[in-house]
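Number of protein chains: 2
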Amino acid sequence: MIDIRPIGYVIGLLVAVLGLTMLLPMAIDLIDGRGQGHVFAISALLTFFVGALTALACQTGNREGLTLQQTFLLASGVWIILPLFGAIPFMIGATDASFTDAYFEAMSGMTTTGSTVFTGLDALPRGLLLWRGILQWLGGIGIIVVAMVFLPELRVGGMQVFKSEAFETMGKILPRATAIAGQISVIYVGLTVACMLTYLALGMGAFDACVHALTTISTGGFSTHDASFGAFSGKMEYAASAYMILAALPFVRYVQLLNGNRRAVFQDTQVRGFLWVIGTLTLVSSVALVMLFPHHWEQALRESLFNIVSVISGTGYASVDYMKWGPFLVTIFFFVGLIGGCAGSTACSVKIFRYQILFACIRARIRAIHAPHAVVVPRYDGRPLSEEVLGSVISFFVFFVVSVGVFAVALALTRLDFVTAISGAATALANIGPGLGDIIGPAGNFSTLNDPAKWILSVGMLVGRLELMVVYAMLTVRFWRA
Amino acid sequence: MIDIRPIGYVIGLLVAVLGLTMLLPMAIDLIDGRGQGHVFAISALLTFFVGALTALACQTGNREGLTLQQTFLLASGVWIILPLFGAIPFMIGATDASFTDAYFEAMSGMTTTGSTVFTGLDALPRGLLLWRGILQWLGGIGIIVVAMVFLPELRVGGMQVFKSEAFETMGKILPRATAIAGQISVIYVGLTVACMLTYLALGMGAFDACVHALTTISTGGFSTHDASFGAFSGKMEYAASAYMILAALPFVRYVQLLNGNRRAVFQDTQVRGFLWVIGTLTLVSSVALVMLFPHHWEQALRESLFNIVSVISGTGYASVDYMKWGPFLVTIFFFVGLIGGCAGSTACSVKIFRYQILFACIRARIRAIHAPHAVVVPRYDGRPLSEEVLGSVISFFVFFVVSVGVFAVALALTRLDFVTAISGAATALANIGPGLGDIIGPAGNFSTLNDPAKWILSVGMLVGRLELMVVYAMLTVRFWRA
Ligand SMILES: [K+]
Ligand SMILES: [K+]
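Protein chains in written order, with numbering that gives the first Met the number 0: chain A, 0 to 481; chain B, 0 to 481.
One or more hints might be untrue.
One copy or two, either will do: identical chains are not told apart, so a pair holds if it fits within one copy or between any two.
[To be verified] Pairs of lysine to any residue residues, derived as SDA-like cross-links and limited to a Cα-Cα distance of at most 20 angstroms, are as follows: (1) Lys234 x Arg262; (2) Lys323 x Asp416; (3) Lys323 x Leu190; (4) Lys323 x Leu274; (5) Lys323 x Leu256; (6) Lys234 x Ala54; (7) Lys323 x Leu282; (8) Lys323 x Asp380; (9) Lys234 x Arg175; (10) Lys323 x Ala205; (11) Lys234 x Gly278; (12) Lys323 x Thr413; (13) Lys234 x Ile30; (14) Lys234 x Gly259; (15) Lys323 x Val375; (16) Lys234 x Ser402; (17) Lys234 x Ala373; (18) Lys234 x Ala26; (19) Lys323 x Arg480; (20) Lys323 x Arg175; (21) Lys234 x Ala370; (22) Lys234 x Thr53; (23) Lys234 x Val270.
If you are wondering where the hints come from, they were derived from the structure by calculation, not from laboratory data.
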C-alpha cells in the first residue's frame, strides 16, 4: 500500500499557495470594479482551505524521502489536481465556462501550453486575464523544479545526463526541491521583472506588460488580446523574441552565471545548438517571406524571428497568421514545433539535447559502418553516453512520435479534420499553443472543439508536460505492484 | 581511388537482363498491334547493348569480394541507373512522357512504390502496362536480395539482427547474392504464379491477372485500371489481401519452410506481430465503417481488410476512395503507412521488427525505472540485443522521422499544400504509392505535380527503398576518404 500522506502534504501546500495567489486578481478587480472580486474571494477561500486542510491531515507522514512510486504520483498529482482549483474562477467568473472549458484552460495554463477556449479576451475583466498569466507563471517555475530534481531522480527521458553536474549533493528529494526552487525563483523573478520593464519601456501598458512578462518567461503564450502579439509594434517583437529565447535556455546555467562562471551559458552544447537552429530557420523563413510577399526585409526578418522563436520555444504567441505564409513555411512551423527548447527550462517538446544525443548515436553508427572493427561510443558534451541515458532518450523519442499518432487518431475519432487532429496532437504534446489550419491555427482558438476533443487535448498537455514517461510508467502493472 | 569495375560489371549485367525482359512487352504488342513493338525493340536493343558493353568493359575487375564502399555504391547504383533504362519505353512509347515523368514512373516501379503519373491506364497499350508490372516485379526480387545479403553486410538499419540465422556461411558477397537470388526466385515465381492462377480462377482476365500478380507479390501496386482494385469484385479483394500479406512476410521463412521446417513462418516474432496488427486495425476500421456508413458488415470488413493490408504492406492498391471514410480512418491510414511489413520481404517503411526492437528497449527502460539496481537488457526473439543492432534501429527510426519532415518541407517549397506535402513525403519514403488529399490520395495520381516535386519524390523513393542509411552513409566525407 502506498503511503499517500507525503504526496497529500506537498500537493495540499501547493494548493493552499495557489489559493493565496488568487488574492492578486481579486485585488485587481477591486480596483477595476468589474464584479469579479467575490469570484476570486470565493475561489481563494475554497482553494486555500481545502489545500491547507489536506496538508494538515497529511502532515504526519515522512516529509523527507519519497519512494519512487510516491515521486511519480506527486509529479502527476500536482498537474492533475492544481488545474482543478485553477479552473474555479473560470467557472464562476465572467467567462462562465463549463467544467470542460475551465479545466482545459487551467490545464493549458499550468502546463504552459497556452491554447485557449476563450474569445473576446480584450473585453475580459483584467482579474481573469491576470489569473491566466499567473497560472502559466506558476506552471513554468514548477516544471523547472520537476526537470531539475524529479526527472533525473526518476531516470526518465534522458534527463539523468544532467544529474551529475547539478545538485545531488543537496540531500533528499523534497528538501532539495525546496532549495532549488529558492535559487531558481530569484532568476525566474528577475527575468520576469526585466521582461516587464522592457515591455513598459517600449510602450506597452502596465497591465499588458505584467501579464505578457508572466507568460513570456514561462513560455506559456497566453495573451490579453485576441490578436496575441499582433496587437504590439515592431520593437516589441524583438524584445519578446529575446526573452522567449532566454526563457528556453537551461536555468542551471543562470545559477552558474550568478555564481561567477561567466562562460556557463554560451559553452553549453544545448545553448549553442538551440541558437544555431533559430538562426538558420529565421534566415530560411526570412528569405522565403521576402520572395513570396512584397515584404520589407526588416519586416520579413522580424516576423520570421518572432514566430520561429515563439514556436520553437513553445511559447505560442502569434504576431501574424502564418497559415497565410504558404505551405512551405506552414510545414516548417509544424516540424519546428517538434524541436523545442533546452532541457531544464520552461520549454517543452522533444528538446534540443535529445536530438543532439540521437544524432551523436547516428554519427557513431556511421563511423562504425566505415570502420567495422573500431569500438565507437556516442558522446554528448565530450562525455561518453551511458546505455541508460541512450535508452531513455530513445524511449522518449519513440513514445513522442507514437503519442502524436495515437492522440491524432483519437482526435480524428471526434471528427476533427486531419490537419486539425495531427497539429492539435502535436501542439498539445509539445505544449506550444496554436496548431495549424483554420480552426486551431494561429488566427483561431480551441473554443469550437467538441468536449471529448478538449479532454483528449488536456490529457495530451499533461502527458507532454511531464515528459511522457512520468505518466506512462504509472500505466504499467509493475508500478502498482511494487 | 575506388575500383568501379566490379560495380560496373554487376550493374551492366543487370541492365542487359532488363533489356532482355523488354522483349516480353514487345511480344504482347506484336499480338495487339498497338504500335509499341518498335518502341520496345529499340529500348531493348539500346538497353541490352549498353549493359552488355559495360559489363564487358568492366569484366577485368575482381568479381568475388567487394569493399564496403563498393557495396554501398553497387546497391545505390542499381536503383539509380536501372530506372534510367526502364524509363525509355515511357518516353518513346504511347505515353509520350517527359524525362521527368518517365524516370519518376520507372523509379516508382523499381522501388515498388507504385505512385503513377499516368492517367487513362485502361486505354494504354498492354505492352506498356505489362512493362510497369515487370519493373515492379524485378524491383521486388532485387530488394529481397539486398535485404538478405547487402544490408546485414553493411550493418545498417538493424538488419544485422537477422544475419546469424541466414546465409553467411555461403562465402563472399557476390556469389552469396547469386545463390540466395536463386533460392528466393523459386519462391517468388511460385507465389506469383499462384497469385495469377487465383485471380484467374476468380474471374479476372488473363492479362489483368498476370500484371496484378506481378504487382501484388512485389507489393508494388501498379494497376491496369485507373480505378485500381476498385475495378474488381468482392472475392478478388480477399484473394489480393491474402497474397499481399504473403508478400510482406520474411522470405527467409519460406526458404526454411521448403527445407522442411513447418513451423518456421508462424513462430517468427515479426510474423505474429504483423498479423496481430493487421487483425486489430481491420477490426477497428470495420467497426468505424459500420458505424459511419450504412455498410453491410461484410463490405465493411472486406474493404477494411483490403485497404489496411494494402497500406501496411506498402502495396498501395485502392479499392475505394478512403479519403471519404472520414478523418478518423484517414488519420489511421496515414500512420498505418509508417508501420510497414516484415524485414526480408518486398515491403518497405519502418517495418514491424524495428518497432518490436524499439518497444523492447522501452520495456527494458520501464523495468529499469522500477528496479533501479537491476541490469535489464532488451531482448528480441529471446536473444539479448547488441548495442550495434539497437544503435542501427534507432538511427533508422530517427532518420526516417526526420526524413519525412525534410522531404515534406522540400515538397511544400514547390508549393504543394501541407497534407499533400507531408503524405507525399511519407508515401515516397515508405514506398506505399498513394498519399492523402484530393491530389495524390487513393482516387488521385501524381500527374499534376510540378517537376521539382516529382524529382524530390523520386529521391525519396530511392532513399526509402534503400533503407535510408545506404544513401545517407555515402553523403559523408568519411565515405569518400576511406
Ligand atoms: K506555450
Ligand atoms: K507500393
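Hint check results:
no.	hint	in the structure
1	Lys234 x Arg262	neither (28 angstroms within a copy, 71 angstroms between copies)
2	Lys323 x Asp416	both (19 angstroms within a copy, 12 angstroms between copies)
3	Lys323 x Leu190	neither (33 angstroms within a copy, 51 angstroms between copies)
4	Lys323 x Leu274	neither (26 angstroms within a copy, 44 angstroms between copies)
5	Lys323 x Leu256	neither (41 angstroms within a copy, 58 angstroms between copies)
6	Lys234 x Ala54	neither (46 angstroms within a copy, 67 angstroms between copies)
7	Lys323 x Leu282	within (19 angstroms within a copy, 40 angstroms between copies)
8	Lys323 x Asp380	neither (40 angstroms within a copy, 50 angstroms between copies)
9	Lys234 x Arg175	neither (40 angstroms within a copy, 67 angstroms between copies)
10	Lys323 x Ala205	neither (32 angstroms within a copy, 52 angstroms between copies)
11	Lys234 x Gly278	within (19 angstroms within a copy, 57 angstroms between copies)
12	Lys323 x Thr413	between (27 angstroms within a copy, 16 angstroms between copies)
13	Lys234 x Ile30	neither (31 angstroms within a copy, 76 angstroms between copies)
14	Lys234 x Gly259	neither (31 angstroms within a copy, 77 angstroms between copies)
15	Lys323 x Val375	neither (47 angstroms within a copy, 50 angstroms between copies)
16	Lys234 x Ser402	neither (38 angstroms within a copy, 36 angstroms between copies)
17	Lys234 x Ala373	neither (54 angstroms within a copy, 55 angstroms between copies)
18	Lys234 x Ala26	neither (31 angstroms within a copy, 73 angstroms between copies)
19	Lys323 x Arg480	neither (52 angstroms within a copy, 46 angstroms between copies)
20	Lys323 x Arg175	neither (48 angstroms within a copy, 56 angstroms between copies)
21	Lys234 x Ala370	neither (53 angstroms within a copy, 53 angstroms between copies)
22	Lys234 x Thr53	neither (47 angstroms within a copy, 65 angstroms between copies)
23	Lys234 x Val270	neither (24 angstroms within a copy, 60 angstroms between copies)
Taken one by one, the earlier hints fail for this structure at numbers 1, 3, 4, 5, 6, 8, 9, 10, 13, 14, 15, 16, 17, 18, 19, 20, 21, 22 and 23, listed in ascending order.
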